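2 protein chains.
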Amino acid sequence: MKLFHSPFSPFVRKVTVVAHELGLAERIELLPSAAHPTQRDASILAVHPLAQVPTLITDEGHALADSRVICEYLDALAGGGVFPSSGPARWTALGDQSTADGLLDAALLLRYELTVRGEGDRSVAWIAGQTAKIEGVLDHFEAGAEALADRVDIGTITVACALGYLDVRFPDLIWRRRAPGLGRWADGFAARPSMEATKPPAA
Amino acid sequence: MKLFHSPFSPFVRKVTVVAHELGLAERIELLPSAAHPTQRDASILAVHPLAQVPTLITDEGHALADSRVICEYLDALAGGGVFPSSGPARWTALGDQSTADGLLDAALLLRYELTVRGEGDRSVAWIAGQTAKIEGVLDHFEAGAEALADRVDIGTITVACALGYLDVRFPDLIWRRRAPGLGRWADGFAARPSMEATKPPAA
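Sequence order for the protein chains is Y and B. Heads up, the first sequence is in UniProt numbering, so the first residue is 1 and it goes up one at a time. Heads up, the second sequence is in UniProt numbering, so the first residue is 1 and it goes up one at a time.
Rather than coming from a laboratory, the hints here were simulated on the basis of the structure. As the structure is a computational prediction, the values presented were derived from the model and not from experiment. C-beta: ideal position from N, C-alpha, C; glycine also. Certain hints may be false.
[As the list claims (entries may be wrong)] A short, non-exhaustive set of chain Y residues, derived as facing chain B with CB atoms under 10 Å:
(1) P37
(2) Q39
(3) Q52
(4) R68
(5) A76
(6) S86
(7) L103
(8) L109
(9) L114
(10) R117
(11) A128
(12) A132
(13) F170
Let the sequences and hints guide you as you build the complete structure.
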């Protein structure tokens, strides 16, 4: 398999953490990319119209975009491991994934606002709205940090990747001061070999 | 079950179409909402930190945000029907869903750009980037319109809801001129009772 990759993308990191947890990392060749919200990467665009990372090319030559679909595909390929197959555990894991993905969507929109746009094109209300969403999700997981506990599934993996992204891209947010219990959980999770192997470079 | 609802949201429509296809629509009470990217809806926020539509409250009182998770939850509740359980059919359906969701994400960002922001805060490059993504996805499904054919699954439902959203919110795009084969497919799909029952009001 081949994976269009970007070392700072938290959605790429979800996929590579999952690959490590499932023992599939060595079967995936990483392809460099220059995905960008306004300048589209021609090499990804040649295989998928969203031209985003992560995009996986399967051994059968099919292109799959979107970290959620790719992670579940890898899970099926490995015969399961990080997606609970049914029942409350599945909805908890998928729900936590979507909540943490929501934090990441807001964080990426905030980053685009502050780096892709010219200063004159920025919106104070937009910045405030995305920041409030990030803080609300932090408070949610802080209140439920005990429920994350020792779970290793697509939900906790996504939460850990989301928090790792805030560490690298939004150090000024000092999220650990807002959510100290979640910080302790994240420190423990970050010691997993899958997280160590996929750590982003210093910003 | 209760569903935070907005008559124009294409992601809400995915959920309600799925509910109709699965025979679950009458078990879902629709709750009005005022979800907005910069002004958060307090009634949704009380149950979920993303404060977005769709958000489902299950009969057990759990809140699930995100159309993908909610649709799959409803499918499991009904014993299956719109999510192929495994194999190539599952990846095709989930892949089409994520591609059409990607079109919708771009369309919503474009709409926010043009309606939520003041004229002075708009970015020409951002508008061009989101428009290119929409057009790329249209071209992709136009080239593969025959593969949509008579499939009724989460992939085709999402494509149909995405195209319905363009009809209502971006009539000036005249997407059917760009993708006439897809337009014929969409017209056929739009005749399904699930689509008729969930048609958005005129803009």
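(request) Identify whether the interface hint at Q52 of chain Y stands, where standing means a beta carbon of chain B within less than 10 Å of its own. (result) With a closest approach of 7 Å, the Q52 of chain Y hint holds.
(message) Can you verify the interface hint for A76 of chain Y: is its Cβ closer than 10 Å to any Cβ in chain B?
(response) Holds: closest Cβ of chain B sits about 7 Å from A76 of chain Y, inside 10 Å.
(request) Please verify that hint: L109 of chain Y, Cβ, nearest Cβ of chain B, below 10 Å or not. (result) 8 Å, holds
(message) Interface hint check: P37 of chain Y, Cβ to nearest Cβ on chain B, cutoff 10 Å. Holds or violated?
(response) 5 Å, holds
(message) Quick check on L114 of chain Y please, does its C-beta sit within 10 Å of some C-beta on chain B?
(response) 13 Å, violated
(message) Just to be careful: measuring from the Cβ of A132 of chain Y to every Cβ in chain B, is the smallest value less than 10 Å?
(response) 6 Å, holds
(request) Have a go at the A128 of chain Y hint: is there a Cβ in chain B nearer than 10 Å to its own Cβ? (result) Holds, because the Cβ-Cβ distance from A128 of chain Y to chain B comes to roughly 7 Å (cut-off 10 Å).
(message) Next item in the hint list is F170 of chain Y. Is there a CB on chain B closer than 10 Å to its CB?
(response) It is violated, given that the least Cβ distance between F170 of chain Y and chain B is near 17 Å, above 10 Å.
(request) Identify whether the interface hint at S86 of chain Y stands, where standing means a beta carbon of chain B within less than 10 Å of its own. (result) At about 7 Å, which falls below the 10 Å cut-off, the nearest Cβ of chain B leaves the hint on S86 of chain Y intact, so it holds.
(request) Verify the interface restraint on R68 of chain Y: the C-beta must sit less than 10 Å from at least one C-beta of chain B. (result) 7 Å, holds
(request) Under 10 Å, Cβ to Cβ, is where Q39 of chain Y needs to be relative to chain B, so tell me if that hint holds or is violated. (result) 8 Å, holds
(message) Just to be careful: measuring from the Cβ of L103 of chain Y to every Cβ in chain B, is the smallest value less than 10 Å?
(response) The hint holds - L103 of chain Y has a Cβ within 10 Å of chain B, the shortest such distance being about 8 Å.
Violated hints for the displayed structure, listed by number in ascending order: 9 and 13.
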